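> Spelled out, the chains give:
Protein chains: 2
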Amino acid sequence: MTLKDYAALVEEKLEALLPEAEKKTPAIGEMPWLLQNAMRYSLMAGGKRLRPAMLLACADMLGVPRKEAMLPACALEMIHTYSLIHDDLPGMDNDTLRRGRPTNHVVFGEGQAILAGDGLLSLAMQLLIENALAHPGNQAGETRAMNEIIRGAGVLGMVGGQCMDLYCERERVMDEDMLSYIHMNKTARMLTSPLLAAAALAGYGEDSPQWRALTAYGVNFGLLFQAVDDILDVTGDEKTLGKSTGKDAAEGKLTYVTLYGLEGAREKAAALARQAENSLDVFGEKAAFFRDLLASMENRVS
Amino acid sequence: MTLKDYAALVEEKLEALLPEAEKKTPAIGEMPWLLQNAMRYSLMAGGKRLRPAMLLACADMLGVPRKEAMLPACALEMIHTYSLIHDDLPGMDNDTLRRGRPTNHVVFGEGQAILAGDGLLSLAMQLLIENALAHPGNQAGETRAMNEIIRGAGVLGMVGGQCMDLYCERERVMDEDMLSYIHMNKTARMLTSPLLAAAALAGYGEDSPQWRALTAYGVNFGLLFQAVDDILDVTGDEKTLGKSTGKDAAEGKLTYVTLYGLEGAREKAAALARQAENSLDVFGEKAAFFRDLLASMENRVS
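If you read the protein sequences in the order shown, they are chains A and B. The first sequence lines up with residues 5 to 306 when you count with the numbering used here. The second sequence lines up with residues 5 to 306 when you count with the numbering used here.
Excised from the complex, chain A in its bound form:
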């Protein structure tokens, strides 16, 4: 299965979880139509579904039933979407467009956009817990999978990275340690969580070669993802990523390119791709999806 195949599965499940809602006074304990539609607006805006696809592909590789992996996959996409909604707010990046459409707060207002983000994070956790309750035979694996996801997304992961990203931008701080922290925490952690969540569901311990290999792949792939993003921001060869044409560089943001130059960033990217690829050896032929993912990422800047 390709990234597109997995993305289609995720799309279908997300559509079922959060359909368009009609306006009516909600019954007690029901989700209001407005919250549902605001969450849906950003969730169904046509992302690549990279994180959930990685979780499903890793689950397939490790023999986790698709049925058990689907809600965690959807939860990851909800967490990713909540972070984008909050990131776009006037108090953060103040972006009015994302993927060619007005951002959430432009359509629903700032207050409702804050709540749509809060709601998506809450719903993600609710789905993870529902999944755990539905698979009582794998309680330990389910709880460990949740743990990986919230640690990747929370104060030790993505939220921590966003905090330092915002701080560095406002205070004009630019140093290599901070760059490294931000890329690891804001970007790479959320691209490692899908793999470790699948490994937890499969019952692999943190000392297993598989766990270590997936951690290495996730981190290197995550940093490659960031490097490619930074390179495309400057070269503008492609418009599929959120921000292109030198906006980050022009704003004096800390990026791979501002720190290492364009050629240096390309070299870094190539080295990261090789390291990620090497870590897949333990999975042999079964890791084809993850090798293809590296190749498609590298192709975008070569």
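Just so you know, the hints here were simulated from the structure itself, not pulled from any lab data. Note that this is a predicted model, so its numbers are computed, not measured. Just to be clear, a hint being listed does not mean it is correct.
[As the list claims (entries may be wrong)] Computed from the model, here is a short list of chain A residues facing chain B with C-beta under 10 Å:
no., residue
1, 30
2, 31
3, 87
4, 119
5, 161
6, 263
7, 266
[Unchecked claim] DEER-style ranges, computed between Cβ atoms:
no., chain 1, residue 1, chain 2, residue 2, range
8, A, 216, B, 52, 45 to 53 Å
9, A, 176, B, 15, 36 to 44 Å
10, B, 15, A, 177, 29 to 37 Å
11, B, 28, A, 213, 28 to 36 Å
12, B, 98, A, 179, 33 to 41 Å
13, B, 50, A, 179, 31 to 39 Å
14, A, 24, B, 8, 43 to 51 Å
15, A, 31, B, 33, 41 to 49 Å
16, A, 67, B, 289, 48 to 56 Å
A virtual CB, placed ideally from N, CA and C, is assigned to each residue, including glycine.
Add chain B to chain A, keeping to what the hints say.
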């Protein structure tokens, strides 16, 4: 033990979980000092710790070990605090003071305040999961407790209630069904979750008399809490609640008093207190804490 006794235990644990942090570039996977201090600023601002105290008192009443109940209690307070930080933002209520101190976004800026809220919700979930991992002998109870908390706090509970509250305020909607939805979802659910989380940890099923009694107490107490808040907003007899002296009423907000008048609201409050008290019969003498809580609530408006 009294509310103050429980609050002191919670205070001590929160202080240990989120101490003041010194400024330094964070190591990979570490929480940044700035995020920690922004979260701490609002978390340690001297609330009554009502929700965590209710969880601890209910755990004592049902025989749940204090050690197992403490992190869920702290998680509840973090969720409550995150909701206050986001509620105070310019895009929501735009409040600059809370409990006599500048609100989070006034001190740390809007972006960091959004992240402090996101961080507290994430940390709450992380602590709940850590607690589950630490008590493998009670995995089902732990997972069900998490479920109660996230359902009370999320799209089916508090976030849903906040969404309709904001909507009704902006659109000047005032009707009894909406009032009921908002009070149940925004206020009463988060005062019921502590009890049901403790009941889940104790192993009570949803069909047990204890579960039903705690649900009834939580809902009636929660609505009483809201009625008292609304009455004090108008009479201004007491300043211990966040907003007093008629601000809500003056803004045309939907309250017990605007809907039923002052005397009608007082009658509602008395009836709610009686219903809550009756539901405690199943626990006999052990429910003294919860009887005292009703009495102290009623005293504030009599």
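> Now look at each hint and say whether the structure bears it out.
To see whether the hints hold, each was checked on the structure:
no., hint, verdict
1, 30, "6 Å, holds"
2, 31, "8 Å, holds"
3, 87, "8 Å, holds"
4, 119, "5 Å, holds"
5, 161, "7 Å, holds"
6, 263, "15 Å, violated"
7, 266, "26 Å, violated"
8, A:216 <-> B:52: 45 to 53 Å, "47 Å, holds"
9, A:176 <-> B:15: 36 to 44 Å, "38 Å, holds"
10, B:15 <-> A:177: 29 to 37 Å, "34 Å, holds"
11, B:28 <-> A:213: 28 to 36 Å, "34 Å, holds"
12, B:98 <-> A:179: 33 to 41 Å, "36 Å, holds"
13, B:50 <-> A:179: 31 to 39 Å, "37 Å, holds"
14, A:24 <-> B:8: 43 to 51 Å, "49 Å, holds"
15, A:31 <-> B:33: 41 to 49 Å, "43 Å, holds"
16, A:67 <-> B:289: 48 to 56 Å, "54 Å, holds"
Comparing the model with each earlier hint shows violations of hints 6 and 7; every other hint is respected.
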